[in-house]
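Taken in order, these protein sequences are the chains called A and B. Residues 275 to 719, numbered by the numbering used here, are exactly what the first sequence covers, in order. Residues 275 to 719, numbered by the numbering used here, are exactly what the second sequence covers, in order.
Calculated from the structure, these hints are not laboratory results. Any given hint might turn out to be false.
Note: identical chains are not told apart, hence a pair may lie in one copy or across any two.
[Said to hold, decoys possible] Only pairs whose alpha carbons sit at most 30 Å apart, straight line, appear in this in silico DSBU-like list of lysine-lysine:
no. : residue 1 : residue 2
1   : Lys335    : Lys497
2   : Lys431    : Lys504
3   : Lys422    : Lys694
4   : Lys616    : Lys422
5   : Lys328    : Lys502
6   : Lys405    : Lys468
7   : Lys328    : Lys412
8   : Lys344    : Lys497
9   : Lys497    : Lys694
10  : Lys502    : Lys335
11  : Lys477    : Lys405
12  : Lys497    : Lys328
13  : Lys477    : Lys431
14  : Lys504    : Lys335
15  : Lys338    : Lys502
16  : Lys431    : Lys412
17  : Lys504    : Lys328
18  : Lys497    : Lys338
What follows is each chain in one-letter form.
Protein chains: 2
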Amino acid sequence: MRKSLPKWAICTLLLTPSLLLAAEPATPQLAYQLVEELTTEVGPRLAGSPGDAKSVEWATKRLKSLGFDKVWTEEFITPFWQRGHARLEIVSPFPQSLVLTALGGSIGTSADGVEASVVMFNSLEELMAAKQSQVAGKIVFINKAMTKDRQGSQYGKVVGGRSKGAVEAAKLGAKAIVIRSVGTSNNRFAHTGKMTYEEGIDKIPAAAISVPDAQQLARILAKSPDAKIKLNMQTSSEDAISHNVIAEMTGSQRPNEIVLIGAHLDSWDQGTGALDDGAGVCIVMATAVLVKQQAKPKRTIRVVLYGNEEGGLVGARAYAAKHAQELKNHVFASESDFGAGKIWQFDTKFGTKALSFAAEIQKKLAPLGIQPGNNDAFGGPDVSVLKPFGVPVASLEQDGTDYFDFHHTPNDTLDKIDPKTLEQNVQAWVIMTSMVANSDTDFRQ
Amino acid sequence: MRKSLPKWAICTLLLTPSLLLAAEPATPQLAYQLVEELTTEVGPRLAGSPGDAKSVEWATKRLKSLGFDKVWTEEFITPFWQRGHARLEIVSPFPQSLVLTALGGSIGTSADGVEASVVMFNSLEELMAAKQSQVAGKIVFINKAMTKDRQGSQYGKVVGGRSKGAVEAAKLGAKAIVIRSVGTSNNRFAHTGKMTYEEGIDKIPAAAISVPDAQQLARILAKSPDAKIKLNMQTSSEDAISHNVIAEMTGSQRPNEIVLIGAHLDSWDQGTGALDDGAGVCIVMATAVLVKQQAKPKRTIRVVLYGNEEGGLVGARAYAAKHAQELKNHVFASESDFGAGKIWQFDTKFGTKALSFAAEIQKKLAPLGIQPGNNDAFGGPDVSVLKPFGVPVASLEQDGTDYFDFHHTPNDTLDKIDPKTLEQNVQAWVIMTSMVANSDTDFRQ
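The shape of chain A in the complex, shown without the other chains (with noise of 0.2 Å):
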């Protein structure tokens, strides 16, 4: 079977003279092999359902088979949100049904749901630009457009739709809130994602429709500025319990000095979170193992897979909060959460003496294809948190031109990620992570 190895595999193999003790011999393609397990073994995994307690089941027992010296979970108290049916239709002139789905974290509606006429914006200032005579007993219909890019920059300019939308109604008057998805693509996929309200203003129930039903809408408002919607949907909250999983390779040097490779295990319960954030989570458990099959690092190698960053950094606080006394410790984190896209550019975050260091690993990066990139980098949502703390991060920016096509919603699956770019992914984590573990150089300074 040598003949089929790929180039990179046998490379691999040389590198790797301790790949004989490992648990479990980790194969080329051991990160797909694992986010096949996770997507398909485990699904969709909902902070708080129990889909969520079989991913940190899953997540815990494949660490160990992977041969981590430790592996343990930290509870934390979650917010345990729900969707039930939703239904969403044009009443009149012209009776048919959008798909939709509620926005995580809305209330529903009464049972007999939600009739009024709609009142449409081009954006979130738009709205918060309009008089409540415009707004007040309406359904508001916030119709901003995503276009696509490698880095993903016009997620964050509107997704404020999705998170304020609510509040921002709200205080005009409006009974509920329906916005176009915010993704890139023009299938009829509805794109759900975390919304907030604030103390003091009125719950209404929010929720996405997808970029076509986005489209029929405003073309039927055009024909008839009065046409009556109904949005009907139930959902639910309650608390309850979930876990950070955490595993470590003990560094063989200086092991109270932490480097934190980390992903989020949560999903939003749509589709089976291949892309977001089963990727990865997958890299960076392969990651640890093959930098460890290289040799065992100085410094110790911490895989954190948090639980809820999809409900607002639930599990990533709670890491932050009990680890407070050992941040200083952290030397570096960094995190993989933008899919499975090819890795084209290195960012850090680093002190100014440490940047001699960073260019050290960007050369090494190079042959993937791999360019130069800042020092302002942001580490992945979950590891942000630590910034504050002063903890340096990294980012290996994945391209994310698709990774809204399919983000959030249920077409967010296995057949989405491209195998020989999830592993383009792992050998640079690989890279990054054996370069930073295996330096005594503090990134702090």
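Use these hints to put chain B onto chain A, whose structure you have.
Here is chain B on its own, set in the frame of chain A:
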């Protein structure tokens, strides 16, 4: 505004001396305008449903406003099948929901649903070769993939599992059947379509799951052959009234000679039937208008918008029965029912003598990128019903490469139509229909 008119539009204007005589001026993009109206103002139009009735009303009104000489409807009785909720769950060992839809005509399950283990086959043929002992008491899963090509040639090879699977599974004692969607997209939409039962064979529920869900189920069965699934779905069926909508541009010289151009007005309920067959409806409506704008045709152009094609050519059979005496006067028939892709070939089913006229049509079509075809044209599903009565047919063959990405799914919506390609269709239809309607040729000879 002249500056912004495309070249072909100017050509159309030059060719249309009677433009100002039309009841409503036809715009260059008339077909697109019509399909926008049909899919927005009516939306889904499942045979027998209120949407179906609304589409008949829309078409009648619109054909009148477009200046047809005669517009009428012809009633027929049709089964009115409806889907209720549908849910498929992996019960064990990996609990999760799969995306599915009931197949058209299927019975529902009991209120409690059907729970059983699964037996997977790679094709209908493999199921038919199975033994009772393999299948009895189980839910059959046919996991046959469909590939793409311009002609959609694989549809016929895969669709048997959908249409005949329930009968073959029931013969071997299956409790229900679930098939992989007969479609070519890895979007997570389930593909509906007509299935049939057979007298004397038990009726069992039949549903389709999306392609990613079929892959998921296959992976689950590979890991756990004893996996249990539960199907719960409701459907209903009753008799209803529907209509074919017919409109004529009366011939100036031989009004009794009928040139039939058709499409089907009904659609499945999941999408808005933009490609199937809103596009076809609006192509033939626009064609008749544009041909008459050139000059009143010598023969009568009859537009037939068939009802309930999807449920098994119900409207087409009603038309053939009602017009049995008149079919000898149908000098030509052709249907547009394969989406809105570019026309690339012209086929006929003419008598030998008429082939020289077919070649003349082909010559005129060539500048549109349309190649000469064969004399074995299908004509279209509804029109094919007229072939046994000797009616000559032709097919303007559309590029269907992506058709089965959308066909019969919720994703068949207006945004999937490229207005420019739709217009190429109209141009081809105008050339063909004008030549046929102004010719003396007997295509039977």
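Now for the hints, and whether the structure bears them out:
{"no.": "1", "hint": "Lys335 / Lys497", "in the structure": "between (57 Å within a copy, 17 Å between copies)"}
{"no.": "2", "hint": "Lys431 / Lys504", "in the structure": "within (28 Å within a copy, 42 Å between copies)"}
{"no.": "3", "hint": "Lys422 / Lys694", "in the structure": "both (22 Å within a copy, 24 Å between copies)"}
{"no.": "4", "hint": "Lys616 / Lys422", "in the structure": "both (16 Å within a copy, 27 Å between copies)"}
{"no.": "5", "hint": "Lys328 / Lys502", "in the structure": "between (43 Å within a copy, 18 Å between copies)"}
{"no.": "6", "hint": "Lys405 / Lys468", "in the structure": "within (26 Å within a copy, 51 Å between copies)"}
{"no.": "7", "hint": "Lys328 / Lys412", "in the structure": "between (42 Å within a copy, 27 Å between copies)"}
{"no.": "8", "hint": "Lys344 / Lys497", "in the structure": "between (63 Å within a copy, 28 Å between copies)"}
{"no.": "9", "hint": "Lys497 / Lys694", "in the structure": "between (48 Å within a copy, 23 Å between copies)"}
{"no.": "10", "hint": "Lys502 / Lys335", "in the structure": "between (52 Å within a copy, 24 Å between copies)"}
{"no.": "11", "hint": "Lys477 / Lys405", "in the structure": "within (19 Å within a copy, 59 Å between copies)"}
{"no.": "12", "hint": "Lys497 / Lys328", "in the structure": "between (49 Å within a copy, 17 Å between copies)"}
{"no.": "13", "hint": "Lys477 / Lys431", "in the structure": "within (23 Å within a copy, 53 Å between copies)"}
{"no.": "14", "hint": "Lys504 / Lys335", "in the structure": "between (47 Å within a copy, 28 Å between copies)"}
{"no.": "15", "hint": "Lys338 / Lys502", "in the structure": "between (56 Å within a copy, 29 Å between copies)"}
{"no.": "16", "hint": "Lys431 / Lys412", "in the structure": "within (25 Å within a copy, 51 Å between copies)"}
{"no.": "17", "hint": "Lys504 / Lys328", "in the structure": "between (37 Å within a copy, 20 Å between copies)"}
{"no.": "18", "hint": "Lys497 / Lys338", "in the structure": "between (61 Å within a copy, 21 Å between copies)"}
The structure fails none of the hints (numbered hints given earlier).
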